[in-house]
Amino acid sequence: MINNSYLLGLYGGTSTFSGGLGATPVAVKKQPTAPWATTVKPQNQSDLLRAALSGRRLINEDNATLDVKNASSGDYRKIFAMYQGLTMLEAIADRAGQKNLTALERSQLTKRMDAGLAEISAYLGEAKFDGVRMVQGLSATKAQTGAAVPRDSAKYVTGAVHTGALADEVAAFQGDVQFNITVKKTGGDQVVAINLAEMGSDPRTLQSVVTYINSKLEAAGVETRMGREQLPSEPRVIKSGDKTITLPAGPDKWALNLQGVSYEKVSFTPVTSSDAVYVVQGVGKSGGHEVLKFQEGAGQTTSGAAFWVEGQVGQSGLPEGVETVRASATGPDGSMWIVADVSVGTATQPIKGQGDVVLMKLDSAGKVVLSRALGAASTASGYAIAVDDDGRVAVAGSVVGALTPGASGADANVADSFVTVFDAKGVEQWTQRRGAKAADEATAVSFGADGRVYVAGRSQSSMPGALASGGWDGYVQAFSENQIHSLAPITATATGINQFGTAGDDSVQAMTTDGDKLYTAGIENGRMMVRQFQIGAAGSPELLSSRDLGHASGEIAGLSVVNGQVILAGTTRNGALDIGQINTAHSGGTDAFVAVISDDLSASANDRLTYYGGQGDDTAADVKIVDGKVWLTGVSDRTVGAKAEDPTSGYLARLDPMTGAVEWTQTWTGADRQAAPMTIAVASGGASVLDRLGLPQGEIPQSDSKQLVDATSLRAGDRFYVTSGTTGRSVAVTIDAKDTLQTLARKIETASGRTLTVTVKTDKDHVTGMDGDTRITAGGVQRLSIAFTNGREGAVLRAGEAGRDALAGLGLTPGYIGPSSSDLKTFGLDLPKTLSLKDAEAAKAATSTIQLAVKALRDAYKALDPDSSKPKATGTVPPYLKTQLANYQAALARLTG
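739 is the number that this note's numbering gives to position 737 of the sequence shown; each next residue is one higher, with no gaps.
Worth flagging that the hints you see were computed from the coordinates, not collected in a lab. Do not rely on the hints blindly, as some may be mistaken.
As a list, the in silico DSS-like pairs of lysine-lysine whose alpha-carbon atoms are at most 30 Å apart [unchecked claim]:
id : residue 1 : residue 2
1  : K31       : K857
2  : K157      : K369
3  : K846      : K857
4  : K218      : K255
5  : K43       : K101
6  : K113      : K840
Listed next, with one range per pair, are the computed distances between beta-carbon atoms [said to hold, decoys possible]:
id : residue 1 : residue 2 : range
7  : H487      : Q192      : 34 to 40 Å
8  : A169      : K245      : 35 to 41 Å
9  : T745      : K645      : 50 to 56 Å
Glycine is no exception: its CB is placed at the ideal position from the N, C-alpha and C atoms.
Could you build all of it, start to finish, from the sequences and the hints given here?
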């Protein structure tokens, strides 16, 4: 039988012939039926969810059914198996997007999602495809790291110091404005005294002041200069009901900038100063965070910023991605350190897991000048911070999953305590992870007079070297530092522990050291308990005494020892704490409280108790004791029973703990009438006229560490794999403690067999503002740029094992980097290492990501179709072929009658 339909089809022709000899031709099936085909009954979502949560493997090639076998059967089986796994992940995401989920169920769904993504990543790393190339990420001709290392820069740009025309006088320059600029040079220091009174009757405009300062710098023979620049002004978008309204950009805003040179170190010093108080708070309904700076006695200052109140001298925002800040402290140089939990990294410092702890250093002007990510592979939370007199910083909290690459603790899904110590420049010195079999967390940290680091927290089972009492217990742990020689790394050893508590749930919420004594305060079985420990010669804390202060009905915010007295503060509903003389009575709801007791914890006639608050709910989010006075911050007088979205105001107050006198107080609100203070830090001499000018006290940093373990979330031992497109050989690339962008670039090229070319790319056009028509740029950052080598097949980047993946810390997606014209078609699932399910919106985004991955599988399936590679014939059917086809048609007609 001759079927001319095929011949005509080659040239776009048609045939009316429908068969021969009464038979209908049957098309030959060339591909197995896909599980997403319309002829296949889809699985019920509830069945998929049940299977996904059962704990069994999501990808199982044995369950993939093929109704056609051909040369690509192995590829089809793998694609169908991955499709089954992705549909189960989609069912998890769909469930996470539903309403009224409990926190426990959402946590379980998140863990299963993470495990499923890890399984897919591992599967793709091992699976061998013949007809296509499948990668977890994307297929591209080049890629660049999201992680970046700051370039050295001798430039500093302030925030806005003037709003309006250049010819206008600047309010910040009025009055007594005096400070010193110290320029350190090889030949000695030059101190340049700045006093705007020397300008006489000249108007203090931005340009005239800059000209005056530069004349003083020039006269001192230094190269450093001051400048001005216009800050970008963006249109404002607001919502009015269901409508979005775009408002025009506001008036021009201007900043000062310092234009230094690499061989001159510049610092600013005020002539007079006073104490500064920093409050970190959450604001608005969008989850933003900012730092407010106050100066007692500063009076009403004008800045143009919203919600500005008397005594406030500064306001700056924290980077996006900050979820919460639980602790802050000031350093000996007047800077502020904060420990923040982040859900996403910044544009230059991506994180490796669902969440991480980031240590940030802010200068006195509120600018983030240093950022250090802990590098947790899954999640971490920061609860405490301490700064030693030599500038060292200790951070403590909890971590789930791996911290040291490849080590996830006794249970990868249970929180363990950690403590990390950094030097004054933010370089990590050592990290210790201590965990019980059940959950535990470090909630307080302190540097001892003996040089040891002390950590306190709580645990649900026995900590190593201790015994549990039942429920959650409190604990105190000592760590001793060791260094074999001056060039050797510093290590730490646990040298003593004391675990304590009742049969109920107990905790340590604050801790401090005083000589050879250590004090803790917390809630034990519902009661407020203070404990005193003797620090032994080996650092082991031994209990000396304890004092029960009554039913807590709240929590402890801080603890300090001053002149033989223990001062503690917190929040409580109990108007009759057992602390002796009451200076100010409880006002109702929850009130902040400040208590003074003897340092031996015995009851004394000098005990004092002061409640602070209104008739509503007041909190003490944090407390600092300076020169015997107590600074408190928290939420002020909120209506009892108020909802989360109801208005919230913050407060800052200074109290005399002995008399209860409120010596200074201020309240404020924030965006969307929401302000929730979280931490407080006090810097002695940290406030001055420099605040009005947006200039920081101290030396302007010009450089930061270039080592990847400092600048990114990577940890030594993290790794990823490079598979050459030419040889198919997979080589591990492991991060070393001293690796930089340059050394990593060489490692990647070598691992790829030179099929990849890796260069260090400099982002030079980081525009911070304009000076007339001139663009003003900052120092910028450097990243890795990865491309395939001309004439070579490129390579596949594959994630490292769970708990030690370096690609995530580099901000690289696993995938193929090579020529787009490669004979072997590449399909990228574009699946990240983690997908957030924290709320319905995140779950919806996760579903979309999974659906796009499924589409990539379908595209790969189509590419395996044997006919997909055959060229389609087009054009006009030649006359001779038409004649032949007509003859065939006539003959067939005669044969069939």
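Need the list of violated hint numbers for this structure, in ascending order.
When the structure is compared with the hints, none of them turns out to be violated.
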